[in-house]
Amino acid sequence: MPSDVALSRENLGFQITIFENGGVVIKLFQLSENTLEALTLRIETGVSVSASKNMYSLMSSSPSISSSSSSFLGQTHFDSRNPNARLPTKDSWICKCVATPPTETTAHTTKVSRNANMAKLQAGYLFPEIARRRSAHMLKYPDGQVISLGIGDTTEPIPEVITFGMAKKAHALSTLEGYSGYGAEQGEKQLRAAIASTYYGDLSLEESDIFVSDGAKSDISRLQVMFGSNVTMAVQDPSYPAYVDSSVILGQTGQFQKDVEKYRKIEYMKCNPENGFFPDLSTVSRTDIIFFCSPNNPTGNAATREQLTRLVQFAKDNGSILVYDSAYAMYISDDSPRSIFEIPGAKEVAIEVSSFSKYAGFTGVRLGWTVVPKELLYSDGFPVAKDFNRIVCTTFNGASNISQAGGLACLSPEGLEAMHKVVSFYKENTNIIMETFISLGFSVYGGKNSPYVWVHFPGQSSWDVFSEILEKTHVVTTPGSGFGPAGDGFIRVCAFGHRGNVLEACKRFKQLYK
Amino acid sequence: MEKLRNGYLFPEIAMRELEHMKKYPTAKVISLGIGDTTEPIPDVVTSSMANHARRLSTVEGYRGYGAEQGNKALRKAIAETLYGDLPIKDTEIFVSDGSQCDISRLQLLLGSNVTIAVQDPTFPAYIDSSVIIGQTGDFQDETGKYQNIEYMPCRPQNNFFPDLTTTATTDVIFICSPNNPTGHAASRKQLEQLVEFARANGSIIIFDSAYAAYVTDDSPRSIFEIPGAREVAIEISSFSKFAGFTGVRLGWTVVPDELLFSNGFPVIKDFNRIVCTCFNGASSVAQAGGLACLSSDGLMAVQSVVDYYKENAKILGDTFTSLGLDVYGGINAPYAWVHFPGMKSWDVFTELLEKTHIITVPGCGFGPGGEEHIRVSAFGHRECILEASRRLKSLLS
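If you read the protein sequences in the order shown, they are chains A and B.
Note that the numbering used here has the first sequence beginning at 9, numbered continuously upward.
Note that the numbering used here has the second sequence beginning at 41, numbered continuously upward.
Please note: incorrect hints may appear among the correct ones.
To be verified - Using 35 Å as the maximum straight-line C-alpha spacing, the simulated DSBU-like pairs for lysine-lysine come out as follows:
#1 A:K176 <-> B:K112
#2 A:K128 <-> B:K185
#3 A:K119 <-> B:K63
#4 A:K382 <-> B:K43
#5 A:K382 <-> B:K63
#6 B:K185 <-> A:K119
Keep in mind that the hints were calculated from the coordinates and are not lab data.
Predicted model only: the values in this text are computed from it and were never measured.
Assemble the whole structure, with the sequences as input and the hints as a guide.
This is how it looks when you write it as structure tokens:
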């Protein structure tokens, strides 16, 4: 019996039956064409297939659903005791059959071994999972008026001064004088200079220290490619999943340990209410690289100057490189540092990654930057910036020139003012959400300096809370355990949304939890 | 990183161009070096991008994160318009910010424990990305090659296609056709042999079809025209040379559902994971432009720019031929590959630059098999191409 089954995606439907003995049967079948969007379902190992009477039924005790599919299944772990499951009896109907036969009998397989690092990854990247569950939910409740406070996706239109800059560049590309081909891989000079002066003006960082990119997610992986597989890394727990996942892919980690939900060889630095969401550095082992995000995704906490000073010292003492993610710096309300380079000595230990995504609504436009100071050196004295430059020239070909034109417009006085307005709008959303949960008696964190609210649900599984909130209020959030084991018991609610939706979501929360 | 020799080739060329321009501030330097497009993008395409940008300022038109695999309409358009009769599904197409990035993402996917074969000469990114990801051994000065890479010589003598009978088995085979730098478009027969070779050896072909739009004769434009390719090949392609998108940044990769690792695991699943984890989608503005390129008006418009560059290639090819030099390529690609027997390619590059102020690319930058050759790219304003021809004629006749 094959353990991996590839099923034809056209008109596939499913039925789940949970038996009294706890066994689960998932049956897949054809639906008529207008009931379903086409999807591909792939079942991970742990599932066996038996065929009977032209029907494939899969027996599994803990199916896990893979990353490439949209899924109708609401949870990755079936709890046969879940009182919320409304399932048909085991005698209910199944229609005609379905899947293409397993491929291994006639299919050609290459002799190329699958990358063992990819095999270490658990399920899909977090946010496509959330998107899948949202889609599944919307199909289940077509009139449900789903509100998305899950994936941190911006919703408000980009200010006109910025889109005008992009439109102008697009039109210019149709003219002889205005056409430009390949740009410098490090980014357009003007934009690099504008970023340096706007964000790092007083910090003595220059245009040549700035590398413009198509966003922080890509930069994180490019940094990992640069570091290679032989480095060790530390992350906050919880943290933005791309740091851990990219580390696994590059081969820096060992296997995932299901009991603790951690990858071997990664140093997880717990951040919780007890330690004020800043790691107790006295208990942190030395690693080559330390990823740190502030204001933090998902907890929303902004580290203080004093904390960051200790962090820089820690990195210095250990000869580590700090990769500091400042994508949410503009959301800071108090005097928390906006750049790691505000801390003396940081230039010799830190790289900073940032993004226009959450400032200018550029989540789809794609623009960010990385700062690699000249003073940052490897153990043999070789400047890290030189290697990063080589990476950028070889594995990248520059951010889109139209996006860069948008970035330049963002950094004009009018653009800056416009970005501040949008950020303020989202911050007001954050306040509304925070007040709601506080008024309901929850312990709530974050919010003040970020667009994320981190709500505590003590003793509860965050995926369960996620599902309950989704089922009962049609609001999509993000379960804290998706960000690391210390995120369990928390839900991340993001403040990106139209005001009306945010208010409506809060109304529904109040109804659910009053 | 330490294993890499020097900088990446094209920034090197750019540096020399700058130095030369400083040395001769009044000289009119003509750039036939880096394959950078020069002609404006047709209006139908840029208007679409401008409109998309403007709509991002409206409530109805604003879009945030797109699917990492690309906009569905664009994926469909690529499948239907560019792969026509071939059974390529939109779900097998991953839109990107260009081939250079895709090559590295594919290397990330494959990991450090695979072996690669490349043509010699070849577009440098396949080798450099392989070194960076840790698939290779050290560079050997004597041979000009990295250990652990299988170099497949492509010369006039073997019709610029590897002699597969003498090629060692590797996990991955990079093939670019029409080829950068030699300009050779592999024939159907050659590609059938390649697919057969890959099937027999269990290898994965990574087929770079960035110049498919330049094919003049009936050479295949996609590896998937060859039966059996779906189980052995990945295809990468780009809007760069097709639509002048070198700065706009848009490309795609096709990973067929049938392509499986040795344990039966579909490669597409892992590539999707890479794309979702290490990337966040191509710019929505660029994708709007891509969609416009694939409309019937758009296709006509971008093809006429391609034809313009092809005419340039012909002019350059004819120039070198008239000077008694052996010239290859130029017919199915925007590159002319000129043979200077007995001469070192950097010396030819330097001499051409010094004496005619024309930038080219020395063949050895593409691998030891490129020695004695110069790559001349056909991207340029017509008057520059004509002027370059004049200067070459006066120098070399």
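Worksheet item: Of the numbered hints stated previously, which ones are contradicted by the structure, given in increasing order?
Response: When the structure is compared with the hints, only number 3 turns out to be violated.
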